[in-house]
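Starting from the given sequences, assemble the full structure and let the hints guide the process.
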Amino acid sequence: MKLLEALGLDLRILIAQLINFAILVLVLWKFGYKPILKFLNDRKEKIEKGVEDARRASEKLEEMEQREAELVKAAKKEAAKILEEAKKQGEINRQKTVDKAKEEIGQIINQEKAKMEAEKGETLREIKREVGDLIVSSLEKILGEKMTDKKDEELIKKIVKNLK
Amino acid sequence: METEAIKALAAGIAMGFGAIGPAVGEGYVAGRALEAIGRNPEAADKITPLMFVTMAICESTGIYSLVIALIVIFG
Amino acid sequence: MELSVSLAPDILFFIGGFPVTNTFFWSLFISLFLIILILFVRSRLKLIPGGLQNIVELLLEGGYSFVKSIAGTEKKAKRLFPLVFTMFVFILVANLATYIPGQSAVTLHKEEGVVSVFRAVIADYGMVFVMTLITFLITQIVMIAANGPFGYLGKFINFKGPMQFFLGLMDLVGELAKVISLSFRLFGNIFAGEILGAVMLFLAPFFVPLPFMFLGLVTAVVQAFVFAVLTLVFITMASEIPESEVSKSEPV
Numbered sequence: 001m002k003l004l005e006a007l008g009l010d011l012r013i014l015i016a017q018l019i020n021f022a023i024l025v026l027v028l029w030k031f032g033y034k035p036i037l038k039f040l041n042d043r044k045e046k047i048e049k050g051v052e053d054a055r056r057a058s059e060k061l062e063e064m065e066q067r068e069a070e071l072v073k074a075a076k077k078e079a080a081k082i083l084e085e086a087k088k089q090g091e092i093n094r095q096k097t098v099d100k101a102k103e104e105i106g107q108i109i110n111q112e113k114a115k116m117e118a119e120k121g122e123t124l125r126e127i128k129r130e131v132g133d134l135i136v137s138s139l140e141k142i143l144g145e146k147m148t149d150k151k152d153e154e155l156i157k158k159i160v161k162n163l164k
Numbered sequence: 165m166e167t168e169a170i171k172a173l174a175a176g177i178a179m180g181f182g183a184i185g186p187a188v189g190e191g192y193v194a195g196r197a198l199e200a201i202g203r204n205p206e207a208a209d210k211i212t213p214l215m216f217v218t219m220a221i222c223e224s225t226g227i228y229s230l231v232i233a234l235i236v237i238f239g
Numbered sequence: 240m241e242l243s244v245s246l247a248p249d250i251l252f253f254i255g256g257f258p259v260t261n262t263f264f265w266s267l268f269i270s271l272f273l274i275i276l277i278l279f280v281r282s283r284l285k286l287i288p289g290g291l292q293n294i295v296e297l298l299l300e301g302g303y304s305f306v307k308s309i310a311g312t313e314k315k316a317k318r319l320f321p322l323v324f325t326m327f328v329f330i331l332v333a334n335l336a337t338y339i340p341g342q343s344a345v346t347l348h349k350e351e352g353v354v355s356v357f358r359a360v361i362a363d364y365g366m367v368f369v370m371t372l373i374t375f376l377i378t379q380i381v382m383i384a385a386n387g388p389f390g391y392l393g394k395f396i397n398f399k400g401p402m403q404f405f406l407g408l409m410d411l412v413g414e415l416a417k418v419i420s421l422s423f424r425l426f427g428n429i430f431a432g433e434i435l436g437a438v439m440l441f442l443a444p445f446f447v448p449l450p451f452m453f454l455g456l457v458t459a460v461v462q463a464f465v466f467a468v469l470t471l472v473f474i475t476m477a478s479e480i481p482e483s484e485v486s487k488s489e490p491v
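Chains as they are written, first to last, in the numbering used here: chain A, 1 to 164; chain B, 165 to 239; chain C, 240 to 491.
Errors might be hidden in some of the hints.
Facing chain A, from chain C, some residues (calculated, C-beta under 8 Å) [to be verified]:
no., residue
1, Ser266
2, Leu291
3, Val295
4, Pro321
5, Phe464
Because the hints were derived from the structure by calculation, they are not lab data.
Heads up, the beta-carbon is just placed ideally off N, CA and C, and yes, glycines get one too.
And the structure:
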């Protein structure tokens, strides 16, 4: 066929090209693609592992942070509770103390009052009695005579009434 | 007319008419592929190589006419 | 200046009767470049990539995951990846190498005339044909391995009925057509790009060829990708045939 001639097909060149291409494929495969693809694969795995590790680490960190935050929160709550309780307790104690003090003071005042009242009454009675005696003796002296008990008593009463 | 002239004419006609089909077909393929990409831009990576392969297959008839033209001229 | 279009590569010199063409020379050069590049990158692998290593890593990793997504299983991907990826890289570098400026000025003077030392590798049908042949052979081998030798023959020649016989023959034609379409697609695109560029340069040397060159760059990448992916798809399809037949025949 003249076309094959026109295309310049020569069996020797075709074979040479075939060998050339086969060598190219083999060399590129053995020394090129295979090690490079393996290298890329290794690197991919490494990167994946690194990413996974980083992810895990950050997860752990987050978890720990969360736990810490929870702990702090719980502690704060507890502290607030304790404080609140203490405050309440303190308030109650104070109130109690104040009440007790008030009561005691009131008692003491009452006692004092009662004592004073009693003393006053005693004093008054004594004074009255003494005054009565004094008046009797003085009247006896003044009148110079001993009155009958009846008269005496009437007179003293009258005087005492007038004295008041 | 000389044989050479007729050969040249025949090759030209073969190539010219043979080019019509693939041209229309490839235009259609490209148009539909672009339509598909427009409808679904995420699929562009998958559509584009397929489009090239399909266009290459559409081109086959044009290639046949090229072969015929070469045979007519040189064969 | 005469616009010369030649399908065949030009012969630079002979080594003991073996004709060294400019595309063969160039493909050797590119192979060497790729090998040195990958050895260089490999010897300087660092945990934190930078510069060149980034690009290589991106290509390798993206390519591998893409191959896996089409091949389906890790095992298949591991087996197919070197071939497919080498095809892709080789075609890509060969295509891009044509954009190195000044290379068309390097010529060799011979008795027949001036011969350019560098020529787009993929614009030589020989190289493309070799790669397609590899794809074709691997596809057939995988098919035989998947179906068994008789199952493989039975796919193409069977006497279950006139329709099945006809379809089997069509499959046979389809297999051959696959080779032609796969190889000529790549070859045709790059060759046409080369000719287009040459014509544009011939007609208007400044600025006008720029958009065509840009288009050529896109073509270079896309065609390299398409060739590799089609190879991958053909081989994968060949290995998946029994499963699909089983699943197809079960509900019937």
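Quick rundown of the hints versus the structure:
no.	hint	result
1	Ser266	holds, 6 Å
2	Leu291	violated, 12 Å
3	Val295	holds, 7 Å
4	Pro321	holds, 4 Å
5	Phe464	violated, 18 Å
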